[in-house]
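A.B. asks: In case you want the letters, here they are:
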Amino acid sequence: MTLIATFWGTLLDILPIAAIVFGFQYLVIRKPVKRLPQVLMGFFMVWVGLSFFLVGLEQALFPMGELMATQLTNHEFLPILAEGAQRHWSDYYWVYIFAFAIGASTTIAEPSLIAVSLKAGEISGGTIDPLMLRVAVALGMAFGITLGTWRIVMGWPLQWFVFAAYLLVIVQTLRSPRSIIPLAFDSGGVTTSTITVPIIAALGLGLATEIPGRSPVMDGFGMIALACLFPIITVMGYAQIAQWRATRTRSANDLTPM
Amino acid sequence: MDLVVSLAHQFKDSLRDLAPVVLVMAFFQLVVIRQPLPDSLALIDLAFGLVFVLVGLTLFIKGLELGLFPLGENLARAFVKKGSVSWLLMFAFALGLGSTVAEPALIAIAARAAEVVALGGLIDNSVRAQNSFAFALRMVVAASVGVAVVLGVVRIFKGWPLHLMIIAGYMLVLLLTLFAPAEMIGIAYDSGGVTTSTITVPLVTALGVGLASSIKGRSPMLDGFGLIALASVMPIIFVLLFGIIGIHLIPGVVP
Numbered sequence: 025m026t027l028i029a030t031f032w033g034t035l036l037d038i039l040p041i042a043a044i045v046f047g048f049q050y051l052v053i054r055k056p057v058k059r060l061p062q063v064l065m066g067f068f069m070v071w072v073g074l075s076f077f078l079v080g081l082e083q084a085l086f087p088m089g090e091l092m093a094t095q096l097t098n099h100e101f102l103p104i105l106a107e108g109a110q111r112h113w114s115d116y117y118w119v120y121i122f123a124f125a126i127g128a129s130t131t132i133a134e135p136s137l138i139a140v141s142l143k144a145g146e147i148s149g150g151t152i153d154p155l156m157l158r159v160a161v162a163l164g165m166a167f168g169i170t171l172g173t174w175r176i177v178m179g180w181p182l183q184w185f186v187f188a189a190y191l192l193v194i195v196q197t198l199r200s201p202r203s204i205i206p207l208a209f210d211s212g213g214v215t216t217s218t219i220t221v222p223i224i225a226a227l228g229l230g231l232a233t234e235i236p237g238r239s240p241v242m243d244g245f246g247m248i249a250l251a252c253l254f255p256i257i258t259v260m261g262y263a264q265i266a267q268w269r270a271t272r273t274r275s276a277n278d279l280t281p282m
Numbered sequence: 304m305d306l307v308v309s310l311a312h313q314f315k316d317s318l319r320d321l322a323p324v325v326l327v328m329a330f331f332q333l334v335v336i337r338q339p340l341p342d343s344l345a346l347i348d349l350a351f352g353l354v355f356v357l358v359g360l361t362l363f364i365k366g367l368e369l370g371l372f373p374l375g376e377n378l379a380r381a382f383v384k385k386g387s388v389s390w391l392l393m394f395a396f397a398l399g400l401g402s403t404v405a406e407p408a409l410i411a412i413a414a415r416a417a418e419v420v421a422l423g424g425l426i427d428n429s430v431r432a433q434n435s436f437a438f439a440l441r442m443v444v445a446a447s448v449g450v451a452v453v454l455g456v457v458r459i460f461k462g463w464p465l466h467l468m469i470i471a472g473y474m475l476v477l478l479l480t481l482f483a484p485a486e487m488i489g490i491a492y493d494s495g496g497v498t499t500s501t502i503t504v505p506l507v508t509a510l511g512v513g514l515a516s517s518i519k520g521r522s523p524m525l526d527g528f529g530l531i532a533l534a535s536v537m538p539i540i541f542v543l544l545f546g547i548i549g550i551h552l553i554p555g556v557v558p
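Residue numbers (the numbering used here), protein chains in the order written: chain A, 25 to 282; chain B, 304 to 558.
Just so you know, the hints here were simulated from the structure itself, not pulled from any lab data.
Honestly, I wouldn't trust all of these hints.
Unchecked claim - In silico BS3-like links for lysine-lysine, alpha-carbon gap of 25 Å or less:
no.: 1; chain 1: B; residue 1: Lys384; chain 2: A; residue 2: Lys58
no.: 2; chain 1: A; residue 1: Lys143; chain 2: B; residue 2: Lys385
no.: 3; chain 1: B; residue 1: Lys519; chain 2: B; residue 2: Lys461
no.: 4; chain 1: B; residue 1: Lys519; chain 2: B; residue 2: Lys384
no.: 5; chain 1: A; residue 1: Lys55; chain 2: B; residue 2: Lys385
What the hints assert, rightly or not - Derived, one-sided and incomplete: chain B residues facing chain A with beta-carbon distance under 10 Å:
no.: 6; residue: Asp320
no.: 7; residue: Val354
no.: 8; residue: Phe394
no.: 9; residue: Gly424
Unchecked claim - Short derived list, chain A residues pointing at chain B, Cβ under 8 Å:
no.: 10; residue: Gly73
no.: 11; residue: Ala84
no.: 12; residue: Gln95
no.: 13; residue: Ser129
no.: 14; residue: Ala225
Every value quoted in this text rests on a predicted model; they were computed, and no experiment measured them.
All residues carry an ideal CB built from backbone N, CA and C; glycine is no exception.
Next comes chain A alone, as it looks inside the complex (with noise of 0.2 Å):
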């Protein structure tokens, strides 16, 4: 039942998309698409693939999600509390360890920030190693989720990092190589993958819901924006090393002759 809901659903999401091209295809540029069986082939797989996927998400990645946020906060896994003592935000701990190793590993792998990594470094010339970005745009991501659970606990107004981080990014832009600038700002984007963005949520809703005196409406999203701003902070930040020890060892070949 749910799946031919969801088959109905998606085929309404696609039709848009697919009246554009064809649309601008056929009354605009008028020329016949090359290989029409294929693209129709395309756009039924299109369709398919998105109905399974949904389903799925709403069957394991959001359970998943919403699991561990439950389990982790649970008052019987978390440390003892003294008598009438308050929740300090050092015992969720393992929420923190948890969000850190999600954000990395999912990162690290990610097909399409290898493939970017390898173009900077050769675009670069040889200043930037195509690792170390990787390493770089993971760290700023899972830096920006644990930022965000930790923020979930203390229940401070989500406002405050964001802007935080972006003075922290227009400094950056202002003092960075130019050429860095827009990959820097599209590492953000490539670190949020279809399957990384509900798992996220559904951390951040879940640990949102548990832990006491938070509610999913005001502490629940946020996590997302946080994962998306903090790989450009730490991608300028490596960019403007990497300058920085470049030219200290142009200076110092310049100087050793004497």
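Based on the hints, put chain B in the right spot on chain A.
C.D. replies: This is chain B only, laid out in the frame that chain A set:
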């Protein structure tokens, strides 16, 4: 036969995407938490769900590569060659809008957001109100990506510096946050990251790089990439505006 081979290849990629998540969770379940799964969550259901995710994602991405991507790239090239700026801008808008509407992550998150916002009392707690909220949210995000792509294309033509536009976008976000209802702020910030995944990134990058390499004096590296950055700031602005004004314009949603 080729199709089977490339499907198998894509399946391996999807598996590599999913494996870290499953491994980290399995490690935590077996080593750290060591509790049985709750009754509502049978292991067999989870396993089937994961297989659905894998098969679905594989078919989805392969289908994009067969159908939408070649079509979109051909169109982008044809419009650049045609030389008509107004048509190109219209196409850019349609491409951004259309590719975001069907984004799986956005569909999932919009439905979640509607549930949560209904709980918080910002919208009516009925299935109909939730559905129209989720739909409106997706349309707003899609339109914002459309506008972002148009702006990005104009930027490539004019050679405006990307970082100034981003900083201006951040300022707008800052300003609008002061006026937006608190329930919408988290959702708005998150919608910026949700849009830039499977469909939008390759299509939009193809348009940007194609344009930048066909216009004299623009480098694909410097000018081709910025589209994604714009596409992740614009949704925040639009969803905040939606929370301030738009939400009151849909009939039967606000209690």
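A.B. asks: Tell me if the interface restraint on glycine 73(A) is satisfied: Cβ within less than 8 Å of some Cβ in chain B.
C.D. replies: 3 Å, holds
A.B. asks: Measuring from the C-beta of phenylalanine 394(B) to each C-beta in chain A, is the shortest one below 10 Å?
C.D. replies: At about 6 Å, which falls below the 10 Å cut-off, the nearest Cβ of chain A leaves the hint on phenylalanine 394(B) intact, so it holds.
A.B. asks: Minimum Cβ distance from alanine 225(A) to chain B below 8 Å?
C.D. replies: 6 Å, holds
A.B. asks: Is the interface hint for alanine 84(A) satisfied, with its Cβ closer than 8 Å to some Cβ of chain B?
C.D. replies: Constraint on alanine 84(A) satisfied, holds at 3 Å.
A.B. asks: Mind checking the CB of glycine 424(B) against every CB in chain A and telling me if the closest is under 10 Å?
C.D. replies: Glycine 424(B) check passes; min Cβ-Cβ to chain A is 8 Å, inside 10 Å.
A.B. asks: Can you verify the interface hint for glutamine 95(A): is its Cβ closer than 8 Å to any Cβ in chain B?
C.D. replies: 5 Å, holds
A.B. asks: Is lysine 55(A) within 25 Å of lysine 385(B), Cα to Cα?
C.D. replies: Answer holds: lysine 55(A) to lysine 385(B) is near 13 Å, not above 25 Å.
A.B. asks: Holds or violated: are the alpha carbons of lysine 384(B) and lysine 58(A) at most 25 Å from each other?
C.D. replies: Given pair lysine 384(B), lysine 58(A) holds - Cα atoms ~18 Å apart, limit 25 Å.
A.B. asks: Does lysine 384(B) sit within 25 Å of lysine 519(B), going by the straight-line distance between their CA atoms?
C.D. replies: 14 Å, holds
A.B. asks: Tell me if valine 354(B) is really an interface residue toward chain A, meaning its C-beta lies closer than 10 Å to one of theirs.
C.D. replies: Valine 354(B) check passes; min Cβ-Cβ to chain A is 7 Å, inside 10 Å.
A.B. asks: Quick check on serine 129(A) please, does its C-beta sit within 8 Å of some C-beta on chain B?
C.D. replies: 4 Å, holds
A.B. asks: Are the Cα atoms of lysine 519(B) and lysine 461(B) separated by 25 Å or less?
C.D. replies: The given pair, whose Cα atoms are some 11 Å apart, holds under the 25 Å limit.
When each numbered hint is compared with the structure, a violation occurs for hint 2 only.
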